[in-house]
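**Q** With the hints as your guide, set chain Y onto chain V.
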Amino acid sequence: MITANGFPATRRPVLCHKVLRRKVLQGAGLIALFGLGDLPFGAALAAASDKYPEDAFKQKRDADAIKTLYGTSAETSDKVKLDAPEIAENGAVVPVSVSTTLDNVTSIAFFVSENPNALAAHYKIPAGTLPNVANRLKMAKTCNVIAIVESGGKLYSATKEVKVTVGGCGG
Amino acid sequence: MKIRRRDFLKMTSGAALSSGWPRLARAADAPTVYDLERFGNARILHLTDTHAQLLPVYFREPSVNIGIGEMQGRPPHLVGRAFLDHFGIRPDSADAYAFTSIDFEKSAGRFGKLGGFAHLKTLIDRLRNDVGQERSLLLDSGDMWQGTGLANSTQGADMVEAANLLGVEAMTGHWEFTYGEKTLRANLERFKGEFLAQNVYLTEEAAFNDAKALDPASGRVFKPYSIKEIGGHRVAVIGQAFPYVPIAHPKRFTPDWKFGIRDGELQKLTDGLRNTDKVDAVLLLSHNGMDVDLKLAGRVTGIDVILGGHTHDAVPQPVPVTNAGGTTLVTNAGSNGKFLGVLDLELAKGKVKDVRYRLLPVFSELLKPDAAMAALIDKVRGAQAAAWSGKIATSDHLLYRRGNFSGPVDQLICDALRSELNAEIALSPGFRWGSTVLAGQTLTMEDVLAETAISYPETYVQGMTGSQIKDVLEDVCDNLFNADPYYQQGGDMVRVGGLSYTCTPAENIGRRISELKLAHGRPLEAGKRYKVAGWASVNEQTGAAVWDVVARHLQSGRPPNRQTSGVTLKGVDDNPGIAGQG
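The listed protein sequences derive, respectively, from chains V and Y. Mind the numbering: the first sequence is residues 1 to 171 in this note's numbering, read in order. Mind the numbering: the second sequence is residues 172 to 753 in this note's numbering, read in order.
Looking at chain V on its own, in the form it has when it is part of the complex:
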């Protein structure tokens, strides 16, 4: 896995790890993927050899980060299911997850449009792996969270606005 751009992706990585392992093992038993934090062998070796996309993580704006990471832009797709809260209970750890019915998924990435650096996490998805990932993102303020799924060499996206509020009530 490649992650972290100054904002920690997870406060308790072990928990995320645990959830992911269960999902992965349910879906694709033939790949022994012990959580995305560890680099397994086999198909995932390809990912290990990829270079850390330092330039993409350095970009400020989401469009620039997407361009730098992939060299192209994404089209919106209802086959990308992005789950995120409408209003964050804690802007420091906003739970987001993405799943997709697209085939041949090779990577998934999260962008937070108004964070100092928009790219939050980029996952390489080895062949045969169920393309579901979950993460905890730190968000500076109310803005869009964008999930991009790379499938068959093309990019598909889903966007959801997540509100980070000062709080207070209420009925």
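Hints were generated in silico from the structure; no laboratory data involved. Where is the CB? At the ideal position from N, CA and C, for every residue including glycine. Misleading hints may appear alongside valid ones.
So these bits of chain Y aren't anywhere near chain V, every CB distance computed over 12 Å [what the hints assert, rightly or not]:
| no. | residue |
| --- | --- |
| 1 | K277 |
| 2 | R356 |
| 3 | L359 |
| 4 | R433 |
| 5 | P491 |
| 6 | A677 |
Cβ pair distances, simulated, as ranges [stated by the list, open to error]:
| no. | chain 1 | residue 1 | chain 2 | residue 2 | range |
| --- | --- | --- | --- | --- | --- |
| 7 | V | E161 | Y | S389 | 19 to 29 Å |
| 8 | Y | N446 | V | D64 | 40 to 50 Å |
| 9 | V | T76 | Y | G259 | 43 to 53 Å |
| 10 | V | T101 | Y | E696 | 24 to 34 Å |
Calculated pairs, SDA-like style, for lysine to any residue (alpha carbon to alpha carbon, straight line, at most 25 Å) [said to hold, decoys possible]:
| no. | chain 1 | residue 1 | chain 2 | residue 2 |
| --- | --- | --- | --- | --- |
| 11 | V | K79 | Y | D655 |
| 12 | Y | K422 | V | K79 |
| 13 | V | K141 | Y | I239 |
**A** Positioned in the frame of chain V, the structure of chain Y alone reads:
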């Protein structure tokens, strides 16, 4: 007070109807206010947001309740004459008094107070007896256990007893959570009904640490639904707690729980109840707020009726919402014990064949208080109520809270904060509970507590820059007017003292608030620091409880502040959600 009984008897079809789903039921001219024509084979009685008002109250409905975008001009965003016209309620009638703010003071003298648990008990028992044994249900959408000094000092314990005696069979919650998990669980131990909430889950951390849950696999903390047998039919009731408890209130009260709307999970439950449990009807007992419920009804299929609360909207007729699976009726049953929702269903195998809904105003003077409930109320009020009964002041004008931007109660609180805590600016939360006080009425500590009794009442004084103040106003305003109801939290605009501003509700966040000025007309400067007092902060504070600050202010004998709210509205000239100041 002399009651003109004939005024009540003129109540017309405005309160008695159902709307176009599955087909129009016939509206009845009730021979007397509470003699309902028999209809269907199951009666669901619905309460919401009574806010612990054990005794009858005056409560003025809003004269400003603006709907923006798709919500403009639609229930619940109608007030005054527009409300009467939409629902066919005769002006000058008892219903007009109960449902709107028109001629409130004049009508209060004619029709008296509404609600009160002893009166509600009488009405509920009567409506249940009318349909016979095992033919009815009493449901509560939450906010029954908070709202008075008594409820706050007993942390809801008094209200558990009242709910049990009333016969509440299922409820969901909002302010119930603000006593913290331990107290909530203790209250629920003694509550004889069921507490339902499909949208409350353990946080990952709490789940990892094996915190208590209904079902560790899903992480759900509470039972999500209950299936009730009524007249040989099976009715599923799903609970939907207030989705934004840890955002609207201090997170420290519910550190282990996460909330949210979770309409995807709700869809799964509904599908299961329809396809596996084969229930005949699905009801959602919701504390989402009406705008959220209206959106949800368009997205989730399989729910027959949403029995809603939170936004305190007294809506006489259900709003039918079409979705991919059919039609869902959305209701909201007002607040403070003023209303009782009566949903009569004609159930058949696997479906609701017909429906009639009424939102009955609970005119206290037309109902003989139930003796057992009256005795319980006396008992729980006991010495505490006596200690709070001393006169603090006499109100010289109508004091009410409800309204999108301000009300005299909150202006009084802001005055108290500014003057007692020596601050330039005051901020006070836009709650929708709190009773109304008529001009000339004596104000007691019990009255002050009925506007302020929460589990985090501490006041604060802090320095804030002009731009921080603007950000807070923008943030809260977006909770009220975001075009997408799922991003709204309910509640009204934060109240301000020592500050005036212009609001353009239809704008986006960051652009709604302008022309901020201090009390003496000087503009608020973005970079300058101001001394700001407030209460009900989601961050822990240590100042005196707000009710003591307000009481001190009232006792000081300072002349009341006669300034108007100081909010100028832009771009809403023809909005039927505005009927005047407020």
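**Q** Hinted pair, alpha-carbon criterion (25 Å max): K141/V, I239/Y. Please report holds or violated.
**A** 24 Å, holds
**Q** Could you see if the CB distance from E161/V to S389/Y stays within 19 to 29 Å?
**A** 27 Å, holds
**Q** Between T101/V and E696/Y, is the Cβ distance one that fits in 24 to 34 Å?
**A** Once the Cβ atoms are compared, 54 Å apart, the range 24 to 34 Å for E696/Y and T101/V is violated.
**Q** Verify this label for me: K277/Y is non-interface relative to chain V, using a Cβ-Cβ cutoff of 12 Å.
**A** Non-interface label on K277/Y holds, nearest chain V Cβ at 29 Å vs cutoff 12 Å.
**Q** Regarding the pair K79/V and D655/Y, is the alpha-carbon distance no greater than 25 Å?
**A** 23 Å, holds
**Q** Does K79/V lie within 25 Å of K422/Y when you go C-alpha to C-alpha?
**A** 35 Å, violated
**Q** Regarding the assertion that P491/Y does not contact chain V, is the least Cβ-Cβ distance greater than 12 Å?
**A** 24 Å, holds
**Q** Is it correct that the beta-carbon of R433/Y has no partner in chain V closer than or equal to 12 Å?
**A** At about 9 Å from chain V, R433/Y fails to clear the 12 Å cut-off, so the statement is violated.
**Q** Run the C-beta distances from A677/Y to all of chain V and say if the shortest one exceeds 12 Å.
**A** Holds, because the least Cβ-Cβ distance between A677/Y and chain V comes to about 18 Å, which exceeds 12 Å.
**Q** Going by Cβ atoms, does R356/Y stay more than 12 Å from chain V at every point?
**A** 21 Å, holds
**Q** Honestly, do N446/Y and D64/V meet the 40 to 50 Å range at C-beta?
**A** 48 Å, holds
**Q** Taking 43 to 53 Å as the stated bounds, is the beta-carbon spacing between T76/V and G259/Y within them?
**A** 45 Å, holds
Of the hints listed earlier, those the structure fails to meet are numbers 4, 10, 12, in rising order.
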